[in-house]
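Chains as they are written, first to last, in the numbering used here: chain A, 2 to 288; chain B, 384 to 736; chain C, 42 to 278.
Source of the hints: derived by calculation from the structure; they are not laboratory data. Please read all numbers here as calculations on a predicted model, not as lab measurements. Don't take every hint at face value.
Derived DSS-like pairs: lysine-lysine, alpha-carbon spacing no greater than 27 Å straight-line [claimed, not checked]:
| hint | chain 1 | residue 1 | chain 2 | residue 2 |
| --- | --- | --- | --- | --- |
| 1 | C | 112 | A | 200 |
| 2 | C | 151 | A | 50 |
| 3 | C | 237 | C | 258 |
| 4 | B | 651 | B | 486 |
| 5 | A | 283 | A | 41 |
| 6 | A | 279 | B | 632 |
| 7 | C | 153 | A | 200 |
| 8 | A | 200 | B | 386 |
| 9 | B | 386 | A | 176 |
| 10 | A | 283 | A | 50 |
| 11 | A | 50 | A | 211 |
| 12 | C | 151 | A | 41 |
| 13 | A | 279 | B | 651 |
| 14 | C | 237 | A | 200 |
| 15 | B | 486 | A | 280 |
| 16 | A | 50 | C | 148 |
| 17 | A | 127 | B | 386 |
| 18 | C | 148 | A | 200 |
| 19 | A | 50 | A | 200 |
Partial chain C-side listing against chain A, Cβ under 7 Å, derived [as the list claims (entries may be wrong)]:
| hint | residue |
| --- | --- |
| 20 | 119 |
| 21 | 123 |
| 22 | 125 |
| 23 | 139 |
| 24 | 172 |
Cβ-Cβ distance ranges computed for the label pairs, FRET-style [what the hints assert, rightly or not]:
| hint | chain 1 | residue 1 | chain 2 | residue 2 | range |
| --- | --- | --- | --- | --- | --- |
| 25 | A | 257 | B | 629 | 37 to 43 Å |
| 26 | A | 185 | B | 658 | 29 to 35 Å |
| 27 | C | 156 | B | 391 | 47 to 53 Å |
| 28 | B | 707 | A | 45 | 47 to 53 Å |
| 29 | A | 121 | B | 513 | 55 to 61 Å |
| 30 | C | 202 | A | 121 | 45 to 51 Å |
| 31 | A | 151 | B | 389 | 26 to 32 Å |
| 32 | B | 399 | C | 113 | 40 to 46 Å |
| 33 | A | 102 | B | 547 | 53 to 59 Å |
| 34 | C | 175 | A | 121 | 45 to 51 Å |
| 35 | A | 45 | B | 391 | 39 to 45 Å |
| 36 | A | 45 | C | 165 | 49 to 55 Å |
| 37 | B | 629 | C | 263 | 38 to 44 Å |
| 38 | A | 56 | B | 707 | 35 to 41 Å |
Where is the CB? At the ideal position from N, CA and C, for every residue including glycine.
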Amino acid sequence: MSNIHFLIDFLLFGFFPEQQRWRLMIILLICLSHTWLTLKFARHSIPLKTFILCSFCLLTSSWYLAFGDGWLLNIIPTNQLSGFILNICLAYWSIPIATVMSVGFCYLMIYQPELWPTHCFVILAKIIRSIPLITLLFFITLILPMMTNIEITRFQAALTGLIIFLIAYIVEVFKGAHQAIDTHQHESAAALQITGIRKFIHIDLPQIIKNSIPSLINTYIGLIKDTALVTIIGLSDSLGNLQLLIAKYEFKHDFLLLFAIIAALFWMLCFICSLFGKKLEKAIVYE
Amino acid sequence: MIKQSINGLFSIIALTTLAILLIKLNQNINHQNLEFGFDFLFSQSGFDIGDTWIAHTHDQTYAHAILIGLCNTFILAIACVLLSTLIGIFFAILSTNHSRWLKLLSSAYINLFRNIPLLVQILFFYTSILYWLPPIEETLQFADIHLSNRGLFFPKAPSIAFLPLLLIPLIFIKATSFKNRKNLFLGLIIIWGVSLFFYDWQIPTRTRFSLSGGGQLSIEWFTLLIALSIYSSSYIAECIRGGIHAIHKHQTESAKSLGLNHLQIMIKVILPQAVPIFMPALLNQYLNLTKNISLAIAIGYPDFFGITAGTILNQSGRSLECILVVICIYGLINTISTYFIENISYPKWKNHV
Amino acid sequence: MNNFIEFRNVSAQIDDRTILKDVNLTIHQGEHVGIIGPSGSGKSSLIRTINRLLPIHTGKIIINGKDNHTKNLPQIGMVFQAYALFPHLTVLENLTLAPLLHGGNAKALKCKAQALLEKVRLAGFDDRYPNSLSGGQQQRIAIARALMIDPEILLLDEPTSALDPEMINEVKLVLQDIIANNMTVLIVSHDIAFIKKTTSRILFLENGQIISDQSQKDFFENPAHARQSEFISQLNH
Chain A
2 MSNIHFLIDF
12 LLFGFFPEQQ
22 RWRLMIILLI
32 CLSHTWLTLK
42 FARHSIPLKT
52 FILCSFCLLT
62 SSWYLAFGDG
72 WLLNIIPTNQ
82 LSGFILNICL
92 AYWSIPIATV
102 MSVGFCYLMI
112 YQPELWPTHC
122 FVILAKIIRS
132 IPLITLLFFI
142 TLILPMMTNI
152 EITRFQAALT
162 GLIIFLIAYI
172 VEVFKGAHQA
182 IDTHQHESAA
192 ALQITGIRKF
202 IHIDLPQIIK
212 NSIPSLINTY
222 IGLIKDTALV
232 TIIGLSDSLG
242 NLQLLIAKYE
252 FKHDFLLLFA
262 IIAALFWMLC
272 FICSLFGKKL
282 EKAIVYE
Chain B
384 MIKQSINGLF
394 SIIALTTLAI
404 LLIKLNQNIN
414 HQNLEFGFDF
424 LFSQSGFDIG
434 DTWIAHTHDQ
444 TYAHAILIGL
454 CNTFILAIAC
464 VLLSTLIGIF
474 FAILSTNHSR
484 WLKLLSSAYI
494 NLFRNIPLLV
504 QILFFYTSIL
514 YWLPPIEETL
524 QFADIHLSNR
534 GLFFPKAPSI
544 AFLPLLLIPL
554 IFIKATSFKN
564 RKNLFLGLII
574 IWGVSLFFYD
584 WQIPTRTRFS
594 LSGGGQLSIE
604 WFTLLIALSI
614 YSSSYIAECI
624 RGGIHAIHKH
634 QTESAKSLGL
644 NHLQIMIKVI
654 LPQAVPIFMP
664 ALLNQYLNLT
674 KNISLAIAIG
684 YPDFFGITAG
694 TILNQSGRSL
704 ECILVVICIY
714 GLINTISTYF
724 IENISYPKWK
734 NHV
Chain C
42 MNNFIEFRNV
52 SAQIDDRTIL
62 KDVNLTIHQG
72 EHVGIIGPSG
82 SGKSSLIRTI
92 NRLLPIHTGK
102 IIINGKDNHT
112 KNLPQIGMVF
122 QAYALFPHLT
132 VLENLTLAPL
142 LHGGNAKALK
152 CKAQALLEKV
162 RLAGFDDRYP
172 NSLSGGQQQR
182 IAIARALMID
192 PEILLLDEPT
202 SALDPEMINE
212 VKLVLQDIIA
222 NNMTVLIVSH
232 DIAFIKKTTS
242 RILFLENGQI
252 ISDQSQKDFF
262 ENPAHARQSE
272 FISQLNH
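Can you build the whole structure from these sequences, using the hints too?
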């Protein structure tokens with residue numbers, strides 16, 4: 002039973018260098034503080050500009066901590082970021098980026114439906130929603146390097162794939178939430194001569210976000226679960242590490258324990274996410 | 384004016400980018416001494432697929448292999464849809480029960496399996512089935528049915544024996560009363576059951592290393608059936624539960640005042656009204672299930688995705704064509720089923736909602 | 042007295058259904074006009090065409106000598122039946138949002154908003170959210186919001202119809218106060234007593250047409266149309 006410590010350690014952090022583990026701890030802290038910050042923002046405790054600035058800083062610093070710069074922090078190759086921390090990082094990096102980008106696409110879809118870029122985007126989003134995620138991951142790992150002659154690491158492919166996939170779904174959620182806005186809101190905005198992008202930012206967006214929180218959180222949970230699929234394109238996330246362990250003879254009989262650990266980890270992450278959603282829903286009550 | 388210039392600018396940029404990408408792509412493809420095109424689909428595949436419902440041998444074409452994969456996907460999808468709906472309805476009804484423990488059990492089931500990635504579940508069931516089931520030499524045997532870590536071997540009747548079962552839908556369409564329908568159904572089943580004794584059954588027999596003859600269901604197929612059904616059933620239970628909750632409480636109360644019991648209320652009063660509410664969500668779950676079958680590639684079951692983007696892609700090196708085929712066929716499946724989901728009507732119940 | 046608002050052969054449709062038929066109408070500056078008629082007669086549509094909430098198909102609407110699709114029109118404020126306050130903004134933000142977006146000074150606007158809140162008897166409600174207020178309070182805030190842009194024309198679309206009886210009075214009192222000054226006001230309402238108190242001229246609409254246009258006194262004392270007296274007697278019972 003002495004190697005249970007080793008097993009958990011390997012599932013969590015994988016091949017990340019032993020001496021640099023503190024960086025991962027800080028990343029975990031950053032994730033937690035970002036959720037906390039979001040709740041604070043939802044409760045109007047901090048203004049929008051501070052929130053955006055803080056989010057940006059947290060995201061970039063977590064990226065910096067994970068990969069280093071070779072000057073202050075050692076450079077970590079992307080294939081050494083593995084284990085469950087890779088799942089967390091993929092989810093943490095893709096969720097804010099995809100959400101912000103889908104807000105932009107949502108504006109295009111609602112206010113500029115005639116533009117050709119919007120038409121292209123709508124068709125692409127429809128295609129992406131109709132294929133399974135691995136098809137998209139395969140496309141990015143196999144076809145994109147051939148198209149651009151750029152080497153794409155598996156990690157980059159996974160992150161792009163997840164972001165694109167998430168955008169396609171979030172935009173759909175936002176569209177539904179926009180349709181749920183009362184028509185009187187649009188009328189009174191028009192009577193006050195608030196139109197175009199100003200109307201989108203000040204009238205539509207806050208209500209879209211509020212209406213869409215339950216389905217948005219479901220989409221996020223779906224994404225967290227989908228991060229497990231990166232094993233199929235050969236990244237060693239927690240599930241990949243588990244398969245490595247089971248392949249070894251000495252751990253073959255521990256598979257129940259290993260699967261239990263992985264399942265518990267994912268379950269906890271999803272649970273935290275849905276808890277966050279419930280808190281957020283409570284926080285954004287305008288009363 | 385601004386819109387037109389944006390359109391113009393966009394089309395110039397998009398077309399140039401696309402052109403550059405395609406030129407690069409073409410160069411790279413030519414570099415591998417290949418030429419873009421779908422002709423290769425009609426050349427010999429050169430591989431056998433073991434685990435299929437219709438045999439595929441190495442002298443048949445790639446296109447045939449893809450069709451076989453589609454067939455595998457659809458049969459698995461139908462089996463999973465049936466099983467997961469049954470489990471889902473069971474847990475949905477459980478969650479409307481008055482007993483606190485049954486409610487807790489149902490919500491525990493739903494929350495547990497919904498929040499664990501499907502891939503983890505598939506690999507878990509696969510590993511544990513392989514680990515717990517005995518090897519082929521010492522199968523678990525019940526009469527002529529053998530169970531081992533190579534799969535389930537069972538006696539097989541010729542497929543013509545199952546033709547009478549096609550009459551079942553006819554009974555449901557033609558028979559007028561419930562009693563009439565029940566009697567016809569029972570009669571058909573009994574006659575069919577007796578008739579089974581007169582066919583030639585292929586019985587699995589032990590050869591030197593394996594079992595041959597009879598029917599076989601592979602472990603991969605079973606794993607996928609179990610894992611997908613359990614995972615989807617948690618979603619299905621949740622959406623059926625939502626539909627049931629949307630039905631007004633007064634319906635239950637009035638049914639209760641008429642002296643119906645819990646199960647009768649559920650089947651005769653609540654479900655018929657809840658069906659139109661949860662049906663679109665349910666059909667979407669079935670669509671998701673079909674897409675999720677692509678995860679079969681992780682345990683090597685030859686479904687459509689595994690054959691096209693796995694085996695054929697590696698064998699022929701035609702990555703672009705294979706991925707395009709996959710995207711097109713999934714797009715087609717999605718478009719057709721979305722059309723049905725959106726345009727389906729529920730004439731019988733629609734007025735009640 | 043110039044022709045401030047002018048309808049020239051205005052027709053409007055929603056999905057092939059004609060809601061305004063060939064309306065011709067002139068309203069002078071500072072006039073208070075009541076609009077009544079059975080439901081579905083096009084009362085709300087008539088005032089919605091003025092601030093372009095409802096597009097017109099034929100004809101022209103001239104405001105202060107200019108087509109109402111041109112820029113630099115006089116400001117038009119509107120109060121809706123369903124309040125239509127922005128639920129995600131506080132009362133103060135609701136009031137200041139539009140003028141701020143049109144380039145106002147935040148501090149001056151805040152003072153102005155507070156003065157207006159006092160006028161509608163809701164001083165100190167600055168930081169509340171609309172959903173935590175009663176219908177009457179919400180409607181008074183909606184009135185204050187319409188006044189924030191210093192409108193020369195005020196459109197009231199059934200301002201008291203969605204309210205409970207005890208709240209109608211507070212809204213009516215506030216409206217009577219505000220309407221007293223030099224604004225052009227168009228009021229759609231079913232409340233004859235309210236119309237009597239606030240307006241000098243009354244239009245009666247039926248099937249998208251103005252079938253009577255009289256001063257208030259004439260409207261009740263010698264109605265121009267048989268339908269009109271029938272309608273009034275129905276409302277009184």
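* Which numbered hints fail -> Structure breaks hints 13, 14, 29, 36 and 37.
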